[in-house]
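Under my numbering, the residue at position 123 of the sequence shown is numbered 123, and the numbers go up by one with no gaps.
Hints were generated in silico from the structure; no laboratory data involved.
Take the hints with a grain of salt, since some may be wrong.
Across the chosen pairs, the derived CB separations fall in these ranges [to be verified]:
hint, residue 1, residue 2, range
1, Lys491, Pro123, 21 to 27 Å
2, Pro542, Asn379, 48 to 54 Å
3, Lys491, Leu524, 22 to 28 Å
4, Ala136, Ala488, 41 to 47 Å
5, Leu52, Gly494, 43 to 49 Å
6, Arg64, Gln162, 56 to 62 Å
7, Gly494, Thr47, 51 to 57 Å
8, Pro493, Gln162, 24 to 30 Å
9, Leu122, Pro242, 30 to 36 Å
10, Glu255, Leu52, 25 to 31 Å
11, Pro120, Gly472, 34 to 40 Å
12, Thr47, Gly472, 49 to 55 Å
Dumping the calculated DSS-like pairs for lysine-lysine here, alpha-carbon to alpha-carbon at most 27 Å [stated by the list, open to error]:
hint, residue 1, residue 2
13, Lys491, Lys529
14, Lys315, Lys169
15, Lys381, Lys425
16, Lys458, Lys381
17, Lys529, Lys425
18, Lys271, Lys315
19, Lys314, Lys345
20, Lys66, Lys345
21, Lys315, Lys249
22, Lys271, Lys381
23, Lys345, Lys425
24, Lys451, Lys66
For each residue, glycine too, the CB sits at the ideal point set by N, CA and C.
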Amino acid sequence: SGILFGIALVLAAIKKDLPIGLPAFLIFAPVFTVFVIQSRAWRAYLTKLERLNSFWHRQELRARGKEPFSTSEADLRNDHGDETFGSDLGFFGPYSLWTLLDETFTDEGSQELKSWLVAPPLPADRIQTRQRDVQALRKEAWFYTRLSLVAERSELRLSTGQILEFISKEVVPRWYGLAYCGVLVLWAALLASLFIEIPQSQQIRTLLFTAFAIAHLGLLFRAGPVFKKGAGVAHHLGSLAPIFSAIEKRTRSSETLRVLCPTIHDQGPSKHARRINRVVNMLGTEANPIIHILFNSFVPWATTGALWLEHRRKKLGGSFSTCLRELAQIEALFSLVLFDRYQTKTYPELDSDHLSFTDAFHPLIDRSVVVPNDFVFANGKSLGLLTGSNMSGKSTFLRTVGVNQALANIGAPVFAQTFKTRPLKIESCIEVSDSLRDGFSYFYAEVRRLKFLLDACKSGHSLFLIDEIFRGTNNRERQVGSRAVIRALAKAPGAQGFISTHDLELTNLDQEESTLLNLHFRELIEDGKMAFSYKLQRGASPTTNALRIMALEGLPVSQEELTDSGARP
Numbered sequence: 001s002g003i004l005f006g007i008a009l010v011l012a013a014i015k016k017d018l019p020i021g022l023p024a025f026l027i028f029a030p031v032f033t034v035f036v037i038q039s040r041a042w043r044a045y046l047t048k049l050e051r052l053n054s055f056w057h058r059q060e061l062r063a064r065g066k067e068p069f070s071t072s073e074a075d076l077r078n079d080h081g082d083e084t085f086g087s088d089l090g091f092f093g094p095y096s097l098w099t100l101l102d103e104t105f106t107d108e109g110s111q112e113l114k115s116w117l118v119a120p121p122l123p124a125d126r127i128q129t130r131q132r133d134v135q136a137l138r139k140e141a142w143f144y145t146r147l148s149l150v151a152e153r154s155e156l157r158l159s160t161g162q163i164l165e166f167i168s169k170e171v172v173p174r175w176y177g178l179a180y181c182g183v184l185v186l187w188a189a190l191l192a193s194l195f196i197e198i199p200q201s202q203q204i205r206t207l208l209f210t211a212f213a214i215a216h217l218g219l220l221f222r223a224g225p226v227f228k229k230g231a232g233v234a235h236h237l238g239s240l241a242p243i244f245s246a247i248e249k250r251t252r253s254s255e256t257l258r259v260l261c262p263t264i265h266d267q268g269p270s271k272h273a274r275r276i277n278r279v280v281n282m283l284g285t286e287a288n289p290i291i292h293i294l295f296n297s298f299v300p301w302a303t304t305g306a307l308w309l310e311h312r313r314k315k316l317g318g319s320f321s322t323c324l325r326e327l328a329q330i331e332a333l334f335s336l337v338l339f340d341r342y343q344t345k346t347y348p349e350l351d352s353d354h355l356s357f358t359d360a361f362h363p364l365i366d367r368s369v370v371v372p373n374d375f376v377f378a379n380g381k382s383l384g385l386l387t388g389s390n391m392s393g394k395s396t397f398l399r400t401v402g403v404n405q406a407l408a409n410i411g412a413p414v415f416a417q418t419f420k421t422r423p424l425k426i427e428s429c430i431e432v433s434d435s436l437r438d439g440f441s442y443f444y445a446e447v448r449r450l451k452f453l454l455d456a457c458k459s460g461h462s463l464f465l466i467d468e469i470f471r472g473t474n475n476r477e478r479q480v481g482s483r484a485v486i487r488a489l490a491k492a493p494g495a496q497g498f499i500s501t502h503d504l505e506l507t508n509l510d511q512e513e514s515t516l517l518n519l520h521f522r523e524l525i526e527d528g529k530m531a532f533s534y535k536l537q538r539g540a541s542p543t544t545n546a547l548r549i550m551a552l553e554g555l556p557v558s559q560e561e562l563t564d565s566g567a568r569p
């Protein structure tokens, strides 16, 4: 309304030829300009505030074990192959370990963090180095938070891949430079003919202009696609430039950052981004075809810009891919820094031969209801056989162990009071499904996975997690197969882990295998309703509850059948 009032005042003053007409215009014009500039700054500030509010809200939800906002499907998808344990433990998806960790803003950073999650564990010394890096970067957490407020994730998610593709391919063919030199010679001769009088100069000028125009316009057909390539890359570089610029400035005062990204510190990739943008602006005449053709008929403007862009591409390719890799590593590392700052600061001890922990819990369970558990493999034990009632917590316990071990493997803090382990490759058989495409039944898919797991556990230090072993076959064959697998894993050198089962007959294997430890979860019956403590107990489960669940849900199960089955009344 103020702008409209100012325009009306100026127009009224001019129309009535009032003495204040010119002064009103001279005052209103700069005020209006300042207001427009300031309004843009306000919009940018409000955008940052919105992003900051989203950031705080995300951290609050994570810290409470609530579901944080979901990122895009591309971010949630695992692009590193079919890592079974990643699927079993819920690494990716709308509510997963990924949504707890991800604070990257480029596609390269996202892929780097994913590769950390699904790769085999690093040696203990490298994990400890990463732990120290995370702790050393704690004081830079606010710097990275501010950096993420500048970054537009929706644009940057595709930017680095397109930039790398641009770097790897020539924008003009190799013969283009030689042809450009010929066009430049014709143009120089045409300019010279304008200032030098020679016999038949008009005819020579006409000939030179025609030759230049034809040759140059011919090159323009090759230069045309260059503008489109350059415009897209310049847009993405424009998004990356402030990120690089901020890191370059920060490395001057942060020794830790300078060590982590030496190429960014030395090469200053933001200046390359700005130079590419200037060249693309030079090619911008193509946005208006008429002006583009008329202007380039007299001046080799676009062809010069295309050649400069190729020159800048080569300069960019010299170190920019390294800068992008360093940026990706920084993003992944700072995701762990923010994870450390807002969720947990318990770092695992990595020099223990046997797994042990206190107050360990699953991070995706609401903190107001989560039940932590303690455990230790002692006295030569390495295989925990889990029995217990349905819904009592066996599967959650397996995933709790797996998720915390995965965090330990990448140098992140874990969700426990204490966590002692060593780098262990996770092998799991939890979420098995049949495959219509490959013609696999559920049972055959489970057999294949267990065979792979057994072979993997023979070759090094592994953590195996098996939920309801051989659930896809009949009772007699399930017990025979389960005994064979349990015996093999009990003897596997360097392997340790847990197997859950409903077959209580398997618990007598502790008489044969000295490494086997019986564990269980149990239910409670309060006022005719089941309740669960979710606390891990030593020994075999004394009760079952399948028939009790059926009866409580209204299925026709008699009291006599409940008593005969051994279910707790």
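Exercise for the section: Kindly indicate which numbered hints from before are broken by the structure, ordering the numbers from low to high. Expected result: Violated: hints 2, 3, 6, 8, 11, 13, 17, 19, 22 and 24.
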